[in-house]
Amino acid sequence: MRYLLCLGLATVSTATLFADPTPRPPRGPAAAPEALAWARYSAQSKLALSSLQASSSAVALPPAPEDVTDLAFADFYGPIGDRGLEYSEKLRGLAGRRVRLVGYMVREQERAPGLYRLAAWPVVVETQGLCTNDDTPPNTAYVIVPNAAQQPSAWQPGRLVLTGVLEFGPRAERDGRNSFVRLLLDPHSAL
Amino acid sequence: MQNHPRFILLAATLLAAAFSAVSAAPIVSRLTPPSDLFSFKDPSPPYISRFLPGQRFDLQATISPDAAQNIAGVKFYVNNSEVPGVITLVRATVTTPALPANTLVATLRAYSHLAPGVHRLTVSATQLPNGQSVIATGNFEIVNLGTSVGPKTKNIILMIGDGMGIAHRTAARIVLNGVSQGKALAPLAMDTFPVTGLIQTASLNSIVTDSAPGASCYASGNKNNNNQEGVFPDDTLDAFDNPRIEYMGEYFARTLGKSLGIVTTADVFDATPAAWAIHTQNRGAGTGICDQYLDEAVVKSNLTVLLGGGRKWFLPSTTAGSARNNATDYVLSAELVAGWGVAAGVLDPTRDLLADFQKAGFAYAANATQLKALPATTGKLLGLFALSNMNVAADKIDGRRGSPAVVNEFGFPDQPMLDEMVDAALPILAKNPAGFVLMVEAASIDKQAHSMDTDRWILETIEFDRAIARAQAFAAANPDTLVLVTADHECAGVNIIGASTVTQASLNARANSGGGAAQLRDPAPGSAIPVVGTYELAGFPVYGIQPDGYPATTNPDRKMLIGYAGGSDRFEDWQSNPRPIRDTQQPFNATAPLNSHPNNPLERKTAGNFLITGHVNGTSAVHTASDIPISAYGRGAAHFTGTMDNTDVFFRAMKAALVGADTTVAER
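Listed in order, the protein sequences are those of chains A and B. Counting from 1, one number per residue, gives the positions in the first sequence under the working numbering. Counting from 1001, one number per residue, gives the positions in the second sequence under the working numbering.
Since the hints were derived computationally from the structure, they do not count as laboratory data. Mixed in with the good hints, there may be bad ones.
As the list claims (entries may be wrong) - Some chain B residues close to chain A (C-beta under 7 angstroms, calculated; not the full set): (1) T1319; (2) A1320; (3) A1327; (4) L1387; (5) N1408; (6) G1411; (7) T1643.
Unchecked claim - Computed from the model, here is a short list of chain A residues facing chain B with C-beta under 8 angstroms: (8) Y77; (9) D82; (10) R83; (11) G84; (12) Y87; (13) V124; (14) P138; (15) P152; (16) A154; (17) A172; (18) R177; (19) N178; (20) F180.
Just so it is clear, CB atoms sit at the ideal spot from N, CA and C, and this is done for glycine as well.
Let the sequences and hints guide you as you build the complete structure.
Now the structure itself:
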């Protein structure tokens, strides 16, 4: 995973590895190096996150066709208030138009034919297990597959680049959930 | 056995009918409450179903007629006396196992019995037109609470660390307080409780329980099937019609006017919180469960405080983010409504449940700031701090320390910590002069142990201990309060195997080396010391604690290492995961597409190439059947010593509250 790479400290040499173990630091929860340790941890976390975002956006996509607009999951809704979510102006403006969405097919145990869910990152939903529930992000999109077979689409790993017509608004889906943002997949799409 | 004249007459009639016919009689395939007498013809203890004197529960039997016959008269008898009341017959709808055509489920609602002792439950049924009959017998026990031995417990606070076994507690203590020359430098709050016991956790249908029966045993005193809460299993598909058992909160509200509070870091529809107020065979029926908090629990349990995640069930389905739908909603049958005196419910996905709570007098807090700002006059409180499960302590604390990437990504940057939720709940509940029951759940000890995310469940346990300290302080100031700290089961077969023998920098480099076990477990070339230090090589790891009460870092040099006996396959590099697995909600501040969250433990930490083959199939660790500790503080604490069944916790707490607490052992 990319985020692991950024946790690595480039300055550590192979020679350092073989030199272990090094002497132990002084014991005690209130030892002075705490602040230093926290600063280092915090810096590592920030480095990890910034690296993530950089690496994500650095993956080049071919330019979108002329009549297709790129839409990001983060652009679906406005900020969360004390109640529900509000559709963003961008989303409202793209309703009925062709958009391109890049995400991951949600891997789930119970699926219906003709549709699947697309999330901003890989998500597994184990509704048939114990102590699990459906925690997909609310900005997960429903992908509606034209001329679908009777069987649900096979789960596809990795990042999917999909184009289709954007639709929004509440609707009960055949899988028993509510959908709010839908991509009516282009007929020529493989998935 | 004392034979009642009416019963002798009945038995004689049934016997005559049996001998007068050639073909088989109807069959009783299930008699509820469950008993070994019915299932195995075994009249000896242990008695599977036990109740308080006067505690309500449903009687039910599944009866199959012969071909071309129909079940007619059904009667229940307790100790050979016919039980008065309405018996409703509905068709069995389960398909596994397949039952004969015309199989009926007969139910008599809200029965109770006052006399302590073991009682015989008999059901009789006749089929028409041939008139053949069947009788079947089981038993149940009404527990003798004994006589008063001391003052009564007024308030009960049950703290459930979901999935928290002994090793979770030990790990939290080592990280939080450290160990020096063999001695813990300080105890956890739960370590200071004067009484500790062990709990056996099996459910009605498995040695390994899940969280639904693992929690409802404490609230009802009875075993349930996995996935089911507050009900016995039945032979219908309806998620909300099962035979019910009256909960502690319902019993207290009905008989003594006490209040109920539910506080969790999970979605409030989750198994552990719901198992204190909702009766269902489907722990996933979120719309119905959350509707019933208001429709039923507020009325029948005096539900006064409900705090956690799960806002998605409270928003109308027309609002983006709502999860409300018909498939997970509830409608109760007329006989159940009449028998228990509860609301019938309606399929209403567009219901604004949040507004309905407010109309019922609940103040609503949407974040930590609002929770802290509640006026002292607040009488009832609903707090919904996330759409689904709340973020875990590690990510909330990172947010408060200026690294809010994860909580921002989830969309809820201002979530309260569990101790802050307890601080908000207790003053409201304490306003009831009759007392209260408060269940506090640290839900994600379990969820993060499932994910084998070591540092996240350790911080979750530390967060839980801080909440325990708040409950303990309340009980210190209010001596008629009992605080119990336990779990519902152990999760993941967690144990502390030792500590890393190398620095964090070295561990990082090893993780990126791709060298597998040779780099991340074994001695480095030329060295005799393995990376995974066992016994004296583990020494005493030091984490360092910040003023906010949480570790300065979860990646110190020579950090403590954890093994998972209940684990699935995983890659391990011993380092903290920058992101949680899968438990994802709101990525609004992220630039998409963002592929940061690993799917499962096989998709993170892969760079180190150190694959640990798990014992179980799938992608997450499982619950285990090991006993779990219980620690008790305050009025009635003495009742919780020794090794006990999980249902014993209910009866021991109720004895303290209803009859009186044993105060011969130090309570605090």
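Here is how each hint holds up against the structure:
1. T1319: Where the cut-off is 7 angstroms and the nearest Cβ of chain A is about 4 angstroms from T1319 (chain B), the hint holds.
2. A1320: Check passed: Cβ of A1320 (chain B) comes within 4 angstroms of chain A, closer than 7 angstroms.
3. A1327: With a minimum Cβ separation of about 4 angstroms from chain A (threshold 7 angstroms), the hint on A1327 (chain B) holds.
4. L1387: For L1387 (chain B), the interface hint holds, since the closest Cβ of chain A sits about 6 angstroms away, which is under 7 angstroms.
5. N1408: 10 angstroms, violated
6. G1411: 5 angstroms, holds
7. T1643: Where the cut-off is 7 angstroms and the nearest Cβ of chain A is about 25 angstroms from T1643 (chain B), the hint is violated.
8. Y77: Nearest chain B Cβ about 6 angstroms off; hint holds.
9. D82: Constraint on D82 (chain A) satisfied, holds at 4 angstroms.
10. R83: 6 angstroms, holds
11. G84: 4 angstroms, holds
12. Y87: 6 angstroms, holds
13. V124: 5 angstroms, holds
14. P138: 4 angstroms, holds
15. P152: 17 angstroms, violated
16. A154: Hint violated; A154 (chain A) Cβ to chain B Cβ min 17 angstroms, cut 8 angstroms.
17. A172: 6 angstroms, holds
18. R177: Constraint on R177 (chain A) satisfied, holds at 7 angstroms.
19. N178: Hint holds; N178 (chain A) Cβ to chain B Cβ min 5 angstroms, cut 8 angstroms.
20. F180: Holds, because the Cβ-Cβ distance from F180 (chain A) to chain B comes to roughly 5 angstroms (cut-off 8 angstroms).
In this structure, the hints that do not hold are numbers 5, 7, 15, 16, in rising order.
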